[in-house]
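Using the sequences plus the hints, can you model the full thing?
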Amino acid sequence: QSTYAICADADPLTFTVPFTTSAGAPTQYKMTFDGGAFTAITTWTALPADGKFVIPCNGTTPGTYTATITVADATLTSQSSCNVTLVINALPEITLGSIADIAYNGGSITIPYTVPTGSTAVSYSVTSEGQTTTGTLSASGNIVLSGLGTLTAGAHNVSVSVTSADGCTQTYADIPYNVIAEPVVAIA
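This note's numbering applies: residue 160 is where the sequence shown begins, and numbers increase by one.
Please note: incorrect hints may appear among the correct ones.
[What the hints assert, rightly or not] Below, computed lysine to any residue pairings styled on SDA-like, alpha-carbon distance capped at 20 Å:
(1) Lys189 to Ala169
(2) Lys211 to Phe178
(3) Lys211 to Thr186
(4) Lys211 to Gly256
(5) Lys211 to Thr191
(6) Lys189 to Leu235
(7) Lys189 to Thr179
(8) Lys211 to Thr236
(9) Lys189 to Ile228
(10) Lys189 to Thr201
(11) Lys211 to Thr227
(12) Lys211 to Thr162
(13) Lys189 to Val213
(14) Lys189 to Ala259
(15) Lys211 to Gln187
(16) Lys189 to Asp232
(17) Lys211 to Thr179
(18) Lys189 to Pro221
(19) Lys211 to Pro185
(20) Lys189 to Ser239
(21) Lys189 to Thr175
(22) Lys189 to Ser240
(23) Lys189 to Trp203
(24) Lys211 to Ser181
(25) Lys211 to Pro171
(26) Lys211 to Pro177
(27) Lys211 to Pro221
(28) Lys189 to Thr234
(29) Lys189 to Phe212
(30) Lys211 to Thr293
(31) Lys211 to Cys241
(32) Lys211 to Ala182
No wet-lab data here; the hints were simulated from the structure.
So this is what it looks like as structure tokens:
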């Protein structure tokens, strides 16, 4: 039984299952599912000429589902079925804490984080002001982005992307942080 996997945010949310015909001259098929937001094909349909079943999913609920594909010859006298496992992988999650104000010449920001129980997040990428840092996540800790140099005072944003072992990514964009102005003293 073959397994095909996609991420819950895939666009389009479809599975592509290649096939070959080896015996019995199948020309048509039906397809049923054991759950999920799939639409069964209950009438005999011509086999796709390109050798690929394209299976759309009408929902993003992560889980493992089984498709049963039944093929038949033109007269329906010879039929056989096989099962295919379809996996919709959940997006990884992370809980980000607030970012403390940094000095104009601080050069780095620190983002506290925790990985919720059950999350599949294993690595991160963080970007701000043209600088990017990547790393591995633990249950909790700090993500540090260095090399920012001297920044203008005021509001800035950082983007954090987390990736799971199965290759799914979720991005938390436009996370605000504040840069404190350079202190200026006028001598009279």
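Consistency of the hints with the structure:
{"no.": "1", "hint": "Lys189 to Ala169", "in the structure": "violated, 25 Å"}
{"no.": "2", "hint": "Lys211 to Phe178", "in the structure": "holds, 6 Å"}
{"no.": "3", "hint": "Lys211 to Thr186", "in the structure": "holds, 13 Å"}
{"no.": "4", "hint": "Lys211 to Gly256", "in the structure": "violated, 45 Å"}
{"no.": "5", "hint": "Lys211 to Thr191", "in the structure": "holds, 16 Å"}
{"no.": "6", "hint": "Lys189 to Leu235", "in the structure": "holds, 12 Å"}
{"no.": "7", "hint": "Lys189 to Thr179", "in the structure": "holds, 16 Å"}
{"no.": "8", "hint": "Lys211 to Thr236", "in the structure": "violated, 23 Å"}
{"no.": "9", "hint": "Lys189 to Ile228", "in the structure": "holds, 6 Å"}
{"no.": "10", "hint": "Lys189 to Thr201", "in the structure": "holds, 6 Å"}
{"no.": "11", "hint": "Lys211 to Thr227", "in the structure": "holds, 15 Å"}
{"no.": "12", "hint": "Lys211 to Thr162", "in the structure": "holds, 15 Å"}
{"no.": "13", "hint": "Lys189 to Val213", "in the structure": "holds, 13 Å"}
{"no.": "14", "hint": "Lys189 to Ala259", "in the structure": "violated, 58 Å"}
{"no.": "15", "hint": "Lys211 to Gln187", "in the structure": "holds, 13 Å"}
{"no.": "16", "hint": "Lys189 to Asp232", "in the structure": "holds, 12 Å"}
{"no.": "17", "hint": "Lys211 to Thr179", "in the structure": "holds, 9 Å"}
{"no.": "18", "hint": "Lys189 to Pro221", "in the structure": "violated, 24 Å"}
{"no.": "19", "hint": "Lys211 to Pro185", "in the structure": "holds, 14 Å"}
{"no.": "20", "hint": "Lys189 to Ser239", "in the structure": "holds, 11 Å"}
{"no.": "21", "hint": "Lys189 to Thr175", "in the structure": "holds, 16 Å"}
{"no.": "22", "hint": "Lys189 to Ser240", "in the structure": "holds, 9 Å"}
{"no.": "23", "hint": "Lys189 to Trp203", "in the structure": "holds, 5 Å"}
{"no.": "24", "hint": "Lys211 to Ser181", "in the structure": "holds, 15 Å"}
{"no.": "25", "hint": "Lys211 to Pro171", "in the structure": "holds, 16 Å"}
{"no.": "26", "hint": "Lys211 to Pro177", "in the structure": "holds, 4 Å"}
{"no.": "27", "hint": "Lys211 to Pro221", "in the structure": "violated, 23 Å"}
{"no.": "28", "hint": "Lys189 to Thr234", "in the structure": "holds, 14 Å"}
{"no.": "29", "hint": "Lys189 to Phe212", "in the structure": "holds, 11 Å"}
{"no.": "30", "hint": "Lys211 to Thr293", "in the structure": "violated, 37 Å"}
{"no.": "31", "hint": "Lys211 to Cys241", "in the structure": "holds, 15 Å"}
{"no.": "32", "hint": "Lys211 to Ala182", "in the structure": "holds, 17 Å"}
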